[in-house]
Every structure is written in structure tokens, then in C-alpha cells.
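Colleague: If you want the building blocks of each chain, they are given just below.
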Amino acid sequence: MSVDEKTVRRVARLARIQVADADLPKLAGEMNVILSFVEQLNEVKVDNVEPLTSVVEQNMKKRQDVVTDGHYPKAITQNAAASEDDFFMVPKVVE
Amino acid sequence: MSNLTSLTIAEARAKLQKREISAFELTESYIAAIEKAKLLNAYVAETPDQARAMAKASDAKLAKGEGGSLEGIPLGIKDLFATKGVHTQACSHILDGFKPGYESTVTQNLWNAGAVMLGKLNMDEFAMGSSNETSYYGAVTNPWRRKNSNAALVPGGSSGGSASAVAAHICAAATATDTGGSIRQPAAFTGTVGIKPTYGRVSRWGVVAFASSLDQAGPITRDVRDAAIMLKAMASVDDKDTTSVDLPVPDYEKAIGKSVKGLRVGIPKEYRPDGLSSEINAVWDKGAQWLKEQGAEIVEISLPHTKYALPAYYIVAPAEASSNLARYDGVRFGLRVPGDDLIDTYEKTRAAGFGKEVQRRVMIGTYVLSAGYYDAYYVRAQKVRTLIKQDFDMAWSKVDVVLTPATPSAAFAPGEITDPVQMYLNDIFTVTVNMAGLPGIAVPAGLSSEGLPLGLQLIGKPFDEETLFQTAHVIEQAAGRFTAKSWW
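Same order as they appear, the protein sequences are chains A and B.
According to my numbering, the first sequence is numbered sequentially starting from 1.
According to my numbering, the second sequence is numbered sequentially starting from 1.
So here's chain A without its partners, still in its complex pose (with noise of 0.2 Å):
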């Protein structure tokens, strides 16, 4: 499989990342490569076998569903780029 300009066009839209037309050829051609290195797969026979959830077998761990941590709004909008009553301030999403 190979990818076009429209593909990384659309892949560049998904992935939230403004990607200049001009650019688009270099683009195509850095994944083709990548994508044409990893075919290699295709060679393996997987019939039959599961894909790998987990490295290690151990159940996943549970606990309570009760609150541990929390109330302190000021530390988590500390780090935004725009904040205000300790709310994100991000551009107008409604008309």
C-alpha cells in the first residue's frame, strides 16, 4: 500500500497538523518509505494467532471508584496558554 497527497492530506487533517500543499509531495514520499519498510509483515504467517494485549500476564489492577484526588483547579490551569474562573479559554466554538 501506498499513500498519495490526498491520503497525507487527509491524514494531516486527522491528526490535527497543518501541513502546507507545498509539502505534501516530501510527505507522501517520507511515508511511503516507512510504510513500503514495514510490508515486510506481510511475509509473516498470523493465522491463528492473537495480537498481544499485554506484555506481562497480570490482571489489571482495581480499586475502589471513590475520589482520591482533586479540588485544586488553579494548579491544573496553571500551565494554559489562556485560562479564566478556572476554566480553558479556547476561541468562540458556538455561534
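Read the hints as simulated data drawn from the structure, not as lab findings.
Careful: at least some of the hints might be erroneous.
Examples of chain A residues toward chain B, derived with CB under 10 Å [claimed, not checked]:
no.: 1; residue: Pro25
no.: 2; residue: Met31
no.: 3; residue: Asn42
no.: 4; residue: Glu43
no.: 5; residue: Lys45
no.: 6; residue: Pro51
no.: 7; residue: Leu52
no.: 8; residue: Val56
no.: 9; residue: His71
no.: 10; residue: Gln78
no.: 11; residue: Ala80
no.: 12; residue: Met89
no.: 13; residue: Val90
no.: 14; residue: Pro91
Taking lysine to any residue pairs in the SDA-like style, the calculated list, with each CA pair at most 20 Å apart, reads [claimed, not checked]:
no.: 15; chain 1: B; residue 1: Lys383; chain 2: A; residue 2: Leu41
no.: 16; chain 1: B; residue 1: Lys269; chain 2: B; residue 2: Glu300
no.: 17; chain 1: A; residue 1: Lys26; chain 2: B; residue 2: Glu357
no.: 18; chain 1: B; residue 1: Lys461; chain 2: A; residue 2: Val56
From the three backbone atoms N, C-alpha and C, an ideal C-beta is built for every residue, glycine too.
Given chain A, work out where chain B should sit, using these hints.
Modeller: Coordinates of chain B only, in the frame set by chain A:
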């Protein structure tokens, strides 16, 4: 006093406990050494005031005969670890100005053990790279140079700042992280020791995430004993990380000095690809010979899916990275580049904030996870991962530990490798270990004909770091230790 920086952790610990030296003077020696080593660009943020305060507190404890296992030992911290109120940016532009309001579990464990923080260390942006050339803060220089040459060399990556700082004696030891080889490859390039523990041994809480199923923190140190001391302090069982495994942390130092008599050491034939340099082959054979002389049994083994580990990694790691890095959107922390609307703000922020290699990996990850491609790429790669793990599971019935080269070459020059896939091949011997979740240690084994360090890797059974320390120490005893001559 300058020779205080040449002490290993174990040596400094003995002198501190006997009060032959103070933590304060040890820390001052390192602060002065850092000042003189700016050319290496190993530190991205220095915290001398904090270091002095921590050293004074350590001296107060030591004076009372108290103190933890690392009391008064000055460390460098990779910029990937959250340190409360201190520069934590994963060496990315997108985390500009970020100062976390919390401390990572690993660094908290180190401070609880009495360690002193000298500052934050340079690295490849978001740990994506094998040469430390992708850092927003510029490349790191390797303290090692080729014989009769002044040309700069890379320290490896992504923990390039950690490796360079340890090799240059501008910290006693450093924290590092390893997703595909990011502890072991730079350790091999700088003549230092680096261990990536078993997945789940060290908490990932407060460590900036790259690929969550592969990331694991570990130390880079000057010798094997120091690595054992550091890992003991870093490792813990942590409720804040659900993948942290409920097993007590052993006293790794006790494994140092144990004989390898009767130990079965596997040599995987697949790690000798066509075109592997004769020097690497020779150092590998020498390593096996050293272990044999000490009574170990050398066993040839096969790990048939080895060649598929790297391509599978370059699906799994970017896929997980594209999800993890979705949080950098200019809203909650770091850089924001204003746009016409919210989406435009996201896109402009991420285009300006992520470097080229990070963008490339996020794009690949987004593509392989996108509708219609998920099964062909991601699920297939995870199936291949099962096969890689099964290769090792079968090997453990025949051997106790596996010996391989750490890297396919010695350190190279900046700009020498520009093709991404060529760069990825640096991790060809280390990446299988992450894919299978196993522990691996890189230990210096000799110098190349050009005078550069070459490393060997030992791979262990899950949670059998002790055998790695035991075996690596035997190699270290035979090979000796290697120190770069100061030119900086």
C-alpha cells in the same frame, strides 16, 4: 576537589557515610563541572540552587547517621520526567514553559532515597530519535571522539543527554527511558551502562508518554553496580500506574559478584545479519568467551521472528504515539498558536510545536489506525509481537540469559544518517526486548579500532534483572571500564 566527580555512586556513598566528603562539596564539584561542559549541550535546565538545598539536607541527615540509599548523590534527570515546578518539556517546542504541579513517581522515589537533582537532561523530542538530533534544544555531543579526530559524534538517543552527562562525569548517574533502545543504544555509544527493566517494574506515572505499551524507565550509570543501586531506588509498586506489577523490588546489588558458573547463555543466530561489521562480531565473540571462561555454558539459539521486530515496532510505536500526543492541542499547557477557530488553532499549534520527526510519526500512527487500515497494520503488528514474545518464551527453556551486540555500529557523526529507516536500524538489536517486555542491559565491552566504545546487550527473563546485573558485572570485570578523555 575536581576528582570528586570521578567517583562512582558506590564510591561516593562510602565516602559520604564515613563523612570523608560532604554532599555539599560533592554537589558543588558537579555544578562546576556542568559549567565547564556547556559544549556538550547535555543539560537543558540546570537547578543549582535546588541542588545545593538538597545537598545541605542530605548532609544534615548523614551527620545523624541517617539517610537513604542515594543520600547526597547528584543526579541528572531526563527531560521526560515530570519534576514539580521545574522545566519539563520532553525537549519539544510544544511544551514551551510547562512546569508540572506534580512529581513523577520515579523522581519522587529518588528524592525519597536522598538523591540531589542537578537539572534536566537533553533528549530527542518526545524520545523519538536515535541520535539526539531531534531535540528542540539542539543536538547533544558525545564526550567520545574518534582517535586523532576533533569531529563531533552523536551520543545516541533518545536518552542522549543522559548518556553524554554520565560519560562526561557531569552527574553521578542519570534517569533515562527506553521505548525501542533509548537507554541501551546511547549507553553503548558512550561507554556507559544502561538497563531497561521489565515492563511494569518501574512506574510510568509522571513520565511523558511516547508508546505506552513499550515505554519503561531505567538508569544510565558508569558501572554495573551503580546501575543496580539506581534501579533499586527507581523501581516500585505504584497504584498510580495500573501496569506497575505487584512484585517486591529485590536488592539488585546482591547480584553483583555472583559467579556465572553453570549459567546458560544463549547466542541467537538471527542477531548476526549479513553485513554486520567484523568489529561487532568480534566483540560479541569475546563477550561469549569471557563468560565461558567463568564457567558459563554457551548455547546457540534461534529467535526466528527477530527481523520482523523493527517493522512491527514502526507500526505499534507511532500508533500509540499518535494517540498519546493528541493531548498537545494548545489548550491545557504549552504552546498555543492562535488560529481562525478552534480546529485551526489545533492545527497551527501542532504544526509549529512538533518537530519534523514527531510529525512524521504522528502521521504514520494516524494512518495505520485510520478506518480500513487498522487490521492490516496495527492488528497484524500486534500478532507479530505475540510471535516475537513466543520466540523468547521458547528460548527460556534452553537458556537463562541471552547475549547480543547492543548496536550495529559505534557512534556516528551528526548529519551522517538522514534517511529515517536507516536511523531506525540503530535499534535493530534492542527493539525486540521492548516488543516482548523483557529486561535488557547494555554494558561496555571494548573499543573499536577508531577508539570508540562498543557495547554488548544481555536480555533476561521477565523480572530477572538480577541475572543481568550478575552477568553484566562479569563482562565488566573482563572488559574493564572506559572513560572519555576530557576535551570540553
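Colleague: Now tell me, hint by hint, if it's right for this structure.
Modeller: Cross-check of the supplied hints:
{"no.": "1", "hint": "Pro25", "result": "violated, 14 Å"}
{"no.": "2", "hint": "Met31", "result": "holds, 6 Å"}
{"no.": "3", "hint": "Asn42", "result": "holds, 8 Å"}
{"no.": "4", "hint": "Glu43", "result": "holds, 8 Å"}
{"no.": "5", "hint": "Lys45", "result": "holds, 9 Å"}
{"no.": "6", "hint": "Pro51", "result": "holds, 3 Å"}
{"no.": "7", "hint": "Leu52", "result": "holds, 4 Å"}
{"no.": "8", "hint": "Val56", "result": "holds, 5 Å"}
{"no.": "9", "hint": "His71", "result": "violated, 13 Å"}
{"no.": "10", "hint": "Gln78", "result": "holds, 6 Å"}
{"no.": "11", "hint": "Ala80", "result": "holds, 6 Å"}
{"no.": "12", "hint": "Met89", "result": "holds, 8 Å"}
{"no.": "13", "hint": "Val90", "result": "holds, 5 Å"}
{"no.": "14", "hint": "Pro91", "result": "holds, 5 Å"}
{"no.": "15", "hint": "Lys383(B) / Leu41(A)", "result": "holds, 10 Å"}
{"no.": "16", "hint": "Lys269(B) / Glu300(B)", "result": "holds, 7 Å"}
{"no.": "17", "hint": "Lys26(A) / Glu357(B)", "result": "holds, 13 Å"}
{"no.": "18", "hint": "Lys461(B) / Val56(A)", "result": "holds, 11 Å"}
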